[in-house]
Amino acid sequence: MSDMPQPARGAGRFTLFPRLSGVAITGILIAIFLMAFLVLPVIQVIYVAFLDAQTGAMTLQNFRDFFNTSLFRESFVNSFYVSAMSVVFATIIALPLAYITTRFNFAGTAIIQSLGFIPLIMPPFVGAVAMSLLFGRNGTVNLLLDQYFGFKVPFMEGLNGVIFVQSIHYFPFILINLSASLRNIDRSMEEAAQNLGSSGMRMFRRIVFPLAMPGYLAGAALVFIKVFDDLGTPLLLNVNTMLAPQAYLRITGVGINDPMGYVISFILVAFSIFALWTSFLFMRGKDYATVQKGGGGLSKRDLAPREKLVAWAVILFILALVLAPHFGLMLLAFGTIWSFSPLPDGFTLQHFGTVFTQSSQYIWNTILYAGSAAIIDVILGVAIAYIVLRTGLIGRKWLDYMATAALAVPGVVLGIGYLRMFHGVQLPFGLGQMSSFWGLIIVALAVRRLPYALRACMAALQQVALSLEEAAESLGANKSSTVRRIVVPLMTGGILAGFVTSFATAAVELSATIMLVGRASDAPLAYGIYLYMQSPAGRGAGAALGILAVVIVALGTYLSQRIIEKDRNRRASAPGAEQ
Amino acid sequence: MKKAGIRIENLHLSFGDTTVLAGIDMEIHPGEFFAFLGPSGSGKSTLLRAIAGFGPRPKGRILIDGKDIADLPPWKRNVGMVFQSYALWPHMTVRQNVAFGLEERRMPRAQIGPKVEAALELVGLLHLAERMPSQLSGGQQQRVALARTVAIEPQVLLLDEPLSNLDAALRVQMRRELLSLQRKLGLTTIFVTHDQEEANTTSDRMAVLDGGVIQQIGTPQELYDTPVNGFVAGFLGTANVLSGHMNDGCFVTKGGNRLAVDNYRDSARRIVLRPQSVSLTEEKLGSIAGKVTHREFLGSQIRYLVGTADGEIIVDTLHHAGQSGHAIGADVMLMIDSQSASLLD
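From first to last, the protein sequence lines are chains X and S. The letter at position 504 of the first sequence is residue 490 when you use our numbering, and the numbering goes up by one with no holes. The letter at position 69 of the second sequence is residue 236 when you use our numbering, and the numbering goes up by one with no holes.
Just so you know, these hints were derived from the structure itself, not from any lab. Don't be surprised by glycine CBs; every beta carbon is placed ideally from N, CA and C. Treat each hint with caution, since some may be false.
Computed from the model, here is a short list of chain X residues facing chain S with C-beta under 10 Å [claimed, not checked]: (1) Leu452; (2) Asn464; (3) Ser467; (4) Leu476.
Pairwise CB distance ranges (calculated) [unchecked claim]: (5) X/Met44 - S/Asp184: 42 to 50 Å; (6) S/Ala285 - X/Ala10: 54 to 62 Å; (7) S/Thr186 - X/His409: 54 to 62 Å; (8) S/Pro197 - X/Gly378: 33 to 41 Å; (9) S/His258 - X/Phe266: 34 to 42 Å; (10) X/Ala96 - S/Thr186: 50 to 58 Å.
Extracted from the complex, chain X is given alone in its bound form (with noise of 0.2 Å):
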């Protein structure tokens, strides 16, 4: 057979050759811009802080001069405290929440999956200034019971307040976690141990709650390093020590080159990813999915009507919380004057005409940057996802990591690498300098959001069935054709979820703006909210566009939510949907 003429084999060389430098071309593309903008400017940040100011050698210096001022020490004490307080409050809130949910019939259930995210859709610092006006020394709360009562009750004093917002904003995080935990639990593991003599308290304690461990345990790590990372939080409530807002202070008050910021940076992103890392070790280790098929989780029973009276109480109460700072915002942004009262001295829409006449730049700003940002997002998360799961490209899985290790990566931290790297680069066609841009500013929230953008693209991409692919393939289209006609089309409603998620969340982000913003006239929605905030004559416009804010996070939020179930409900009428 060897006599046989083989044109194929050339032709079949030369075909191959163009398509798998297709692939590693974009992937290269991908990795420069990766390095460029996430790695390279943290690596930086860690860098500096390791370095003499003046003369530039390798020292540790930075560190021991960082632990020996008491600020700094303060400082650090403090954001330790304030993240684990945070995690205590929120466990608080979660825990009789998760617990009524999975194991009682309780027909409030609905109102507890809604408070699952309420809290979500409106950033924490967004709500904070409200939040003091209702609980302040002289906020609502404090008011009435001194009226009636004779004693008020310090919520918002000093880190008090920084807990009090933190814990209602994230203990859905511990909540969503702790829930699906529980609900894993097959109810044969608890009967097993009934069957064997243990029951109630005991039996919790040594079944129920470590089977339901792992969940909790990442929900509190994801709670911790969210409070501890948090720049927005503290700086609206005047808490300036703390390490995010220090770093802020250090480097925009004293400068790009004081050491002290990079320290804390350090500190910053050596905490976020041990926080991380032991929360993907508890999910790793330990994914105590124990539900057999046909089974359901633990036994639910129902409330004695005492019983059931605790439980709305308890409910409604962290409603009553939970809505508090949505509930605040509206007062502000619809009252008049609120100064020693409780409630506002009368209402009024002008607030509303303020934002719009005068700050519409903000609006305008936001939805330039966040939505650049998110098509950015999508882009580079189709095309990693893509190169992830359908291609031999080597190295591929560092495109994944790399993209996804910038949740480790604290906005203030993003924002100071930034600033130092791209620091006296100088832009063409008269853009001026690189770091005052407000070209970073989407490129800073495209890199922040990329995680969320990529994780729905790999989902969806995961759902299309291979022999899809191949079909077209074997039908004559080859990769990009196949690309662009099947894989794009099917992955839409991820693609589409995605962008929203990217979006929603671009646009409320304070941390890394913030550090970005050149001058008023390129600054976003979040930052104007920061801006107005500051005096209280700018608190009513301030919470105009919080509720902004808000109504595009809540919208996001539910359209993508649609967005998702449209296109499972797709999915299951779908033929060839089995891999």
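Fit chain S to the given chain X structure using the hints.
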């Protein structure tokens, strides 16, 4: 259109340490309906996918119509494949699904329309052209998948367990339709299945695969009547395989029974007896003595398990209304039809 033959030469494929295809050699004639039959993990699907160009490139050559296509990407092979899950694109109508391959071939719009309609007409679904795949029944989806594949007029048609997602009644009907369609188009067709009945009823010839190796190639009847080894004998229908040796023109089993056989071969070490070529009698006429240990009533026949010196032997006897047959525990003699017994080395 010219009918294309397929020739596979020394095809090897391993995933890591596992050998999936170990030196496959075969020739499929132009216009033939050919089946790959084997249990799961035998390599039959991998072989089919290798012909279509999916999966890692195997070592060796795959020639269609004399041209080696092993290095071509799937979209340059002109090999039509119908997938087990049909793989209809849920975001396109039936018409768009069928038109896809023609569009990818840059065929002018004016020609695509009539070709799509002809393909849908062929499978009797022209009236459903504007439906979405999710609005079709399983059998209709199968026909659309078939129409989509034949629309591009491939040189070879590959069917990957095309009937496995249909219910039993529809399966029988579809396999007849498949065969008549194949005859009408004269397309060289490969059909992968683990169901011997499907392979027997449709294919001109078939290859039985096990462990990545072709065990035997031939017409269904050849394989059934003269299997070359125990695997083929057991995979195609039920078989009793007894060990022993040849002596004086008779096969002497391990249990000491002497069986007369027609095709004398000294090297034979095993004998294959089909259940229906053994009969039972309570007279002392037969060649193997045994005792009925178990019986199953199958309707048209009764299946007995008979304990003998050579182990349990399965015997099928026709059932006639009103006859009760042999009871469990009855002493019986087995009579062997010497013509239908086949010998293995």
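Tested hints:
1. Leu452: OK, holds: X/Leu452 within 10 Å of chain S, min 9 Å.
2. Asn464: Constraint on X/Asn464 satisfied, holds at 5 Å.
3. Ser467: With a closest approach of 6 Å, the X/Ser467 hint holds.
4. Leu476: holds (6 Å)
5. X/Met44 - S/Asp184: 42 to 50 Å: Holds: the Cβ-Cβ distance is about 48 Å, inside 42 to 50 Å.
6. S/Ala285 - X/Ala10: 54 to 62 Å: Roughly 42 Å apart at Cβ, these two residues miss the hinted range, so it is violated.
7. S/Thr186 - X/His409: 54 to 62 Å: Because 60 Å falls inside the window, the suggested range holds.
8. S/Pro197 - X/Gly378: 33 to 41 Å: holds (35 Å)
9. S/His258 - X/Phe266: 34 to 42 Å: holds (35 Å)
10. X/Ala96 - S/Thr186: 50 to 58 Å: holds (57 Å)
In the structure shown, a violation is registered for the earlier hint numbered 6 alone.
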